[in-house]
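Chains B, C and D: place on chain A using the hints.
Read off the chains here:
Protein chains: 4
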Amino acid sequence: MGLKAALYNEIDVSARSSGVSRFNQIICAIIIFAVINAILETEQPLVDRHTRLFEVIEWSLFVVFAIEYCLRLYVAPLNPQFSGRYGRLRYIVSIWSIIDLLALLPFLLTAFGSTSFYLRAARLLRILRVARLGRFTSAWTVLGQAIGNRKFELMLGGLAALLLLLVSSTLLYIFEADGQPEAFGSIPRALWWSVATLTTVGYGDVTPASAAGRFFASLTAVAGIGLVAMPAGILAAAFSDAFQKQDPPTGD
Amino acid sequence: MGLKAALYNEIDVSARSSGVSRFNQIICAIIIFAVINAILETEQPLVDRHTRLFEVIEWSLFVVFAIEYCLRLYVAPLNPQFSGRYGRLRYIVSIWSIIDLLALLPFLLTAFGSTSFYLRAARLLRILRVARLGRFTSAWTVLGQAIGNRKFELMLGGLAALLLLLVSSTLLYIFEADGQPEAFGSIPRALWWSVATLTTVGYGDVTPASAAGRFFASLTAVAGIGLVAMPAGILAAAFSDAFQKQDPPTGD
Amino acid sequence: MGLKAALYNEIDVSARSSGVSRFNQIICAIIIFAVINAILETEQPLVDRHTRLFEVIEWSLFVVFAIEYCLRLYVAPLNPQFSGRYGRLRYIVSIWSIIDLLALLPFLLTAFGSTSFYLRAARLLRILRVARLGRFTSAWTVLGQAIGNRKFELMLGGLAALLLLLVSSTLLYIFEADGQPEAFGSIPRALWWSVATLTTVGYGDVTPASAAGRFFASLTAVAGIGLVAMPAGILAAAFSDAFQKQDPPTGD
Amino acid sequence: MGLKAALYNEIDVSARSSGVSRFNQIICAIIIFAVINAILETEQPLVDRHTRLFEVIEWSLFVVFAIEYCLRLYVAPLNPQFSGRYGRLRYIVSIWSIIDLLALLPFLLTAFGSTSFYLRAARLLRILRVARLGRFTSAWTVLGQAIGNRKFELMLGGLAALLLLLVSSTLLYIFEADGQPEAFGSIPRALWWSVATLTTVGYGDVTPASAAGRFFASLTAVAGIGLVAMPAGILAAAFSDAFQKQDPPTGD
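Residue numbers (the numbering used here), protein chains in the order written: chain A, 1 to 252; chain B, 1001 to 1252; chain C, 2001 to 2252; chain D, 3001 to 3252.
Just chain A, same shape as in the assembly:
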């Protein structure tokens, strides 16, 4: 077996029927490290103290991910999916390859030092590198199928929740708009309160003050339990089914 074939076996995720190769395990670890690094980088005082360290880390990550990208591109034609004429080109435009390439971009945005909105948005890209981890597991397919199987139930549950959201925010708008125009002066404003109440998050930054408002708020909170429980129950059942099919518990 030549070096290229050995490299392919080590690098390509689909080359093995099960398990993750040492090379890909290391890449996973580096990705997780890169994401943690990207999170810490948003804390300005930390960056100011260790500017040089963060720069070195960023450049090292760029080099590692660039080499990884080149290696994957090099061995791609050995994968039956990308063999033949234009195989490497087809690999470049495949979904995972594009995500890998996007993961290289954030380094170019490091040059800017301002903390403006656009730079912050660019940093999102650096954190979304975490999506690359998806390449190394087929588990998400299971999750996707589980949700797909109960699409109809979930849609109906979501619709009922939306309706409840609409009615409750309208009622609160009707009874609280006079007293608290800032928080309940229009239905879009009242929606913020409705979402927080129906999901039982309940921030408490905005709460009804009138008797009628509180009465309908109570109904909303109670009704929310039922309607929120519905998608939760469906999802729980769906995931449970899907997991059991793929990997039955040892205890049975």
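Errors might be hidden in some of the hints.
Pair by pair, the computed Cβ-Cβ distance ranges are [said to hold, decoys possible]:
hint	chain 1	residue 1	chain 2	residue 2	range
1	D	Gly3179	A	Ile98	27 to 37 Å
2	A	Asp178	B	Ser1060	29 to 39 Å
3	B	Tyr1086	C	Cys2070	53 to 63 Å
Listed next, the in silico DSBU-like pairs over lysine-lysine satisfying Cα-Cα at most 35 Å (straight line) [unchecked claim]:
hint	chain 1	residue 1	chain 2	residue 2
4	D	Lys3151	A	Lys151
5	B	Lys1151	C	Lys2151
6	C	Lys2151	D	Lys3151
7	B	Lys1151	A	Lys151
Everything labelled a hint here was simulated from the structure, so no lab data went into it. Cβ atoms here follow ideal geometry from the backbone N, Cα and C, with glycine treated the same way.
Then chains B, C and D, alone, in the frame of chain A:
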């Protein structure tokens, strides 16, 4: 097939055994647009900036819904349910026809420009147009049956929750009335706190301050988990059963 | 059938194999009315405005419940359980009869007009009249059995929750006591925050401010989901089982 | 049967196939008392008032636990697991024996009277004595197995929750950093809000104020219901299965 019969096939929901006709799909889209429009209209600054646009939209919606109403009335007698003598009259007083007619009313209330309580209440009608969407799906029947099947369990769960609500608000009233007369000075006032705690929403706008009050509040929060979980579990199971009967998941 | 036998059939709950007699339905309605009245009576401004009305209602309720008590006592010996020598005496000391008698007491406490702590506590008795409704249904037995069947699981779940409560409040006490002595200065104080977090109520009146405190608070919130879900899941399953045995859903 | 054998039967947990001996029941009660004592001791005003009492209790507990430790060490060789040469030594380094020994340490730390951070951390040891209760029940093994059986599902659910946590805190950081630099000025800061929202605890000490921030906060709250429900559902099912295997409900 004459024009009237073709129109009937396209317009009447019960004319087809399954699926929704192109005409009704468009009506659904317009209803959703109308509801979003009604929501945005409550945001006064937005209305002030685009007064003319909102007026045009309102009038267009009125014309579209009026034409739709007339068309449905025209083809109604082809439906076996409304055939024969007085068929059209029976259609006019049917539940869905009345809802369609009510959906036309809000336009007459647009003339008023004040933001008084009554106008706000009238706007509710405009948002309840969303109920018209119910005409195009039989799914709600399934939901209704699922709830109906477990009526007894739900009633008992609701009763237990009510009792817990009553006892916890009485206890908080006893121990907190002296310290916080505004929030816990009577049982109806303490109920606001009880609802927020038992549903685990927990706004935090009103919280017990005394040691005894906090002790019973803790018991309420813990007990609430159990009693709130009960209806949630029953509903989840009931909906899950009902959905599975109507549309078994593909994965099985 | 003599008058006494007819009265017995109408009044005694166990005289009929199923259903609730007209007499008992009316008593149920009066009890609910009495509880609502007791709730409203705690709202002082309302009482000040309608002092006379509340007095009349209280006296009427006293008369009705007194007559009911005498009637039940009169027909008690016809019930095989209380027949024979001392049957009526045994009825008087039975649990439901004592509850009925307690329901008469609150009227004697109405004379006092002060809003002191003891009067408020006495009012609890008036609201607990709601417990008398339990006489008219056997459903609580089902609930009790369902909980009894899973005693062991619930105890273990409760123990795990208690442990988590203890550890989380100790950790928060360690890291937050310096910064917020009022809220986290001792473990009993930190428990208030722990209960609100583990039950996901989350009032927000007390929140950790230090980085370490927030880290352990996050772990508490996440761990709480799992441990809180356990008793909830067990209870839901237990109730669902119990209900299904007693009254299988029509749809099956 | 000699005194040593009788002592062994009374003291060693594994000497009996089922049930807990009188001696161990008393030790359990003392442990619970010791933990409650340790909790109350953190309330400084209480300690100041009853300094002498707390000292006596601490010394009594030390003596009792020391005697218990010696007794267990004395009878250990009768347990087949610790028989033979070096049996007693192997007992000393066994996990439960080390925990028993650790439970003796806290008394030495009582001498210090300051309320410094290190003393508070030391008190944690005193409260962790509660872990000794684990010696007297095999129930935790069941819990551990139940969690172990669904390791894969729980890991995946946890990963999905982590991802959601990451994305939501990044989005809130992007849209709220300008308006609220203290609360959302970096991703680690925004994480505090994200955890409180995704677990539906919702303290409300930190909430988004901009329209975009509230929009993504709403999505977070809704998405959180689904992803939080997943591990909850899995755990509930796993525990329910495990309990049912060990101790099937009487009602079946």
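For each hint, the structure was consulted:
no.: 1; hint: D/Gly3179 with A/Ile98: 27 to 37 Å; in the structure: holds, 34 Å
no.: 2; hint: A/Asp178 with B/Ser1060: 29 to 39 Å; in the structure: holds, 31 Å
no.: 3; hint: B/Tyr1086 with C/Cys2070: 53 to 63 Å; in the structure: holds, 59 Å
no.: 4; hint: D/Lys3151 with A/Lys151; in the structure: holds, 26 Å
no.: 5; hint: B/Lys1151 with C/Lys2151; in the structure: holds, 26 Å
no.: 6; hint: C/Lys2151 with D/Lys3151; in the structure: holds, 26 Å
no.: 7; hint: B/Lys1151 with A/Lys151; in the structure: holds, 26 Å
The structure agrees with every numbered hint stated previously.
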